[in-house]
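K.L.:
Chain order of the listed sequences is A and B.
Residue numbering for the first sequence is 1 to 115, as defined by the numbering used here.
Residue numbering for the second sequence is 1001 to 1240, as defined by the numbering used here.
Be careful, since some hints might not be right.
Label-pair restraints from in silico Cβ distances [said to hold, decoys possible]: (1) B/Trp1101 / A/Glu18: 38 to 48 Å; (2) B/Leu1044 / A/Met1: 32 to 42 Å; (3) A/Met86 / B/Ser1041: 26 to 36 Å; (4) B/Leu1102 / A/Met1: 41 to 51 Å; (5) B/Thr1037 / A/Gly61: 12 to 22 Å.
Covered by chain B, according to a simulated footprint, are these stretches of chain A (three or more residues, beta-carbon under 8 Å) [said to hold, decoys possible]: (6) 17-31; (7) 42-56; (8) 65-78; (9) 85-98; (10) 101-114.
Among the chain A residues that face chain B by a calculated CB cut under 10 Å, a handful are [what the hints assert, rightly or not]: (11) Asn5; (12) Gly6; (13) Ile7; (14) Leu9; (15) Leu10; (16) Leu11; (17) Tyr13; (18) Gly34; (19) Met36; (20) Phe37; (21) Leu38; (22) Phe39; (23) Leu59; (24) Leu60; (25) Gly61; (26) Ile81.
No lab work stands behind these hints, which were simulated from the structure alone.
If you're wondering where the values come from, they're calculated on a predicted model, not measured in any experiment.
Note that beta-carbon positions come from the ideal geometry of N, C-alpha and C, so glycine has one too.
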Amino acid sequence: MDFINGITLLLIYELVGEACTLLLRLPIPGPVLGMMFLFLTLMWRRQIPSSLNLASETLLGHLSLLFVPAGVGVMIHFERILQESMAISLTLLLSTIITMTVTATIMEVTQRLLS
Amino acid sequence: MPSANLTEIWVYLSASPLLGLTITLIAYSLAYRLYRTARYSPLLNPVVTSVATLILFLSATRTPYPAYFEGGQFVHFLLGPATVALAVPLYQQFAKLKTLWLPVAIAILTGSSVGALSAVFLARLLGASTQTQLSLAPKSVTTPVAMGISEQIGGLPSLTAALVVTTGVMGALGGTTLLRLLRIKNDSVKGITMGVTAHGIGTARSFQVSSEMGAFSGLGMALSALTTAVMLPWLLNLMQ
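Next up, chain A with everything else stripped away, as it sits in the complex (with noise of 0.2 Å):
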């Protein structure tokens, strides 16, 4: 029971999120914004249900399965891919490694100009 409590919080807040996004015509997702709702009542309550506890760990845990039906997608694609696949894979490579060396070298010279 523990784990149906758990992952119906969860829908809860998601469902919470994704209505104010579209009544109040946020650009955020719902669930980033169901995330937040979440944050906050989590601070607000100062402890977190043993329900909820297990169902986001069950969830986080295999976080990588959940990403599998929208990668098989890549199949629909093969045939733009190919046409562009030079121009893709390098700005993935590229673009990524950039995004991680400014991200990692801004937090760490901030923390430390801060400190």
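Knowing the structure of chain A, use the given hints to seat chain B on it.
P.N.:
Positioned in the frame of chain A, the structure of chain B alone reads:
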């Protein structure tokens, strides 16, 4: 005539969501077992091996992707509640986050802008079509959010999903090595970097290193999804 029966059974099963869902779980559990046997070598990332196995299976049986996704969508759907669940590790790391909020905020703002703009700029430079450029823009953002952004700016959501997964795998594969070369020692910095660059797949990898790195990666992923969703349409307007 057993062969005719088998064909009939196949026709029935391949049209029902049961098959797509079951093969997704079988492929993942085999991929995960292989990954564990290989002592979690990043080269055998379970996302890559299970996606490859599924594509081979679907091509061999001539099953179109939409038929597969009828079942796959049940797994895909859980990305929503999983995103909400990130509030839990975030709350657990809050004490640490409180002391670091300014470096975290600056890193996420710059990181997610650089992530999106470098992708569009490089793709344009290398001669990719406009639609591909736009589909590449949200590549560092977690799948459900990236697909939404892609649709909004005029990309192809399903192409974006594939590009997002590829980016995540690249980050998970090379991220720890690159961070070592950059001489980053703090798990908080490593986590934020992984989350901003490689979203959920990088977060899954980070949780293997330490729960602190995982929590910060989850934070990086959630906040960069938020930042990119808000800023990207505006940034692209500036670039035009």
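K.L.:
Establish whether the coverage given for the region 65-78 of chain A by chain B is satisfied; the threshold is a Cβ-Cβ distance below 8 Å, and no fewer than three residues must meet it.
P.N.:
With 13 residues in contact (Cβ-Cβ under 8 Å with chain B), the coverage given for the region 65-78 of chain A holds.
K.L.:
Checking C-beta pairs, does the region 101-114 of chain A have three or more residues closer than 8 Å to chain B?
P.N.:
Since three or more residues must qualify, the claim that chain B covers the region 101-114 of chain A holds, with 11 doing so at under 8 Å.
K.L.:
Quick one, is the A/Leu11 hint okay against chain B at 10 Å, beta carbons?
P.N.:
holds, 6 Å
K.L.:
Should the hint that A/Met86 and B/Ser1041 are 26 to 36 Å apart at their CB atoms be regarded as holding?
P.N.:
holds, 28 Å
K.L.:
Per the CB criterion, is A/Leu9 less than 10 Å away from chain B?
P.N.:
Nearest chain B Cβ about 9 Å off; hint holds.
K.L.:
Against chain B, with CB atoms and a cut of 10 Å, does the hint on A/Ile7 hold up?
P.N.:
holds, 6 Å
K.L.:
Mind checking, does the region 42-56 of chain A have 3 or more residues with a CB under 8 Å from chain B?
P.N.:
Holds: 7 residues of the region 42-56 of chain A have a Cβ under 8 Å from chain B.
K.L.:
Under 10 Å is the threshold here; is the Cβ of A/Phe39 close enough to any Cβ of chain B for the hint to stand?
P.N.:
The hint holds - A/Phe39 has a Cβ within 10 Å of chain B, the shortest such distance being about 4 Å.
K.L.:
Tell me whether the statement that chain B covers the region 85-98 of chain A is true, taking a Cβ distance below 8 Å and needing three residues at minimum.
P.N.:
Satisfied; 12 residues make the cut.
K.L.:
For the pair B/Leu1102 and A/Met1, does the Cβ-Cβ distance stay inside 41 to 51 Å?
P.N.:
holds, 42 Å
K.L.:
For the hint on A/Met36, does the least C-beta distance to chain B fall short of 10 Å?
P.N.:
holds, 8 Å
K.L.:
Examine the region 17-31 of chain A: at least three residues should have C-beta closer than 8 Å to a C-beta of chain B.
P.N.:
holds (count 6)
Taken one by one, the earlier hints fail for this structure at numbers 1, 11, listed in ascending order.
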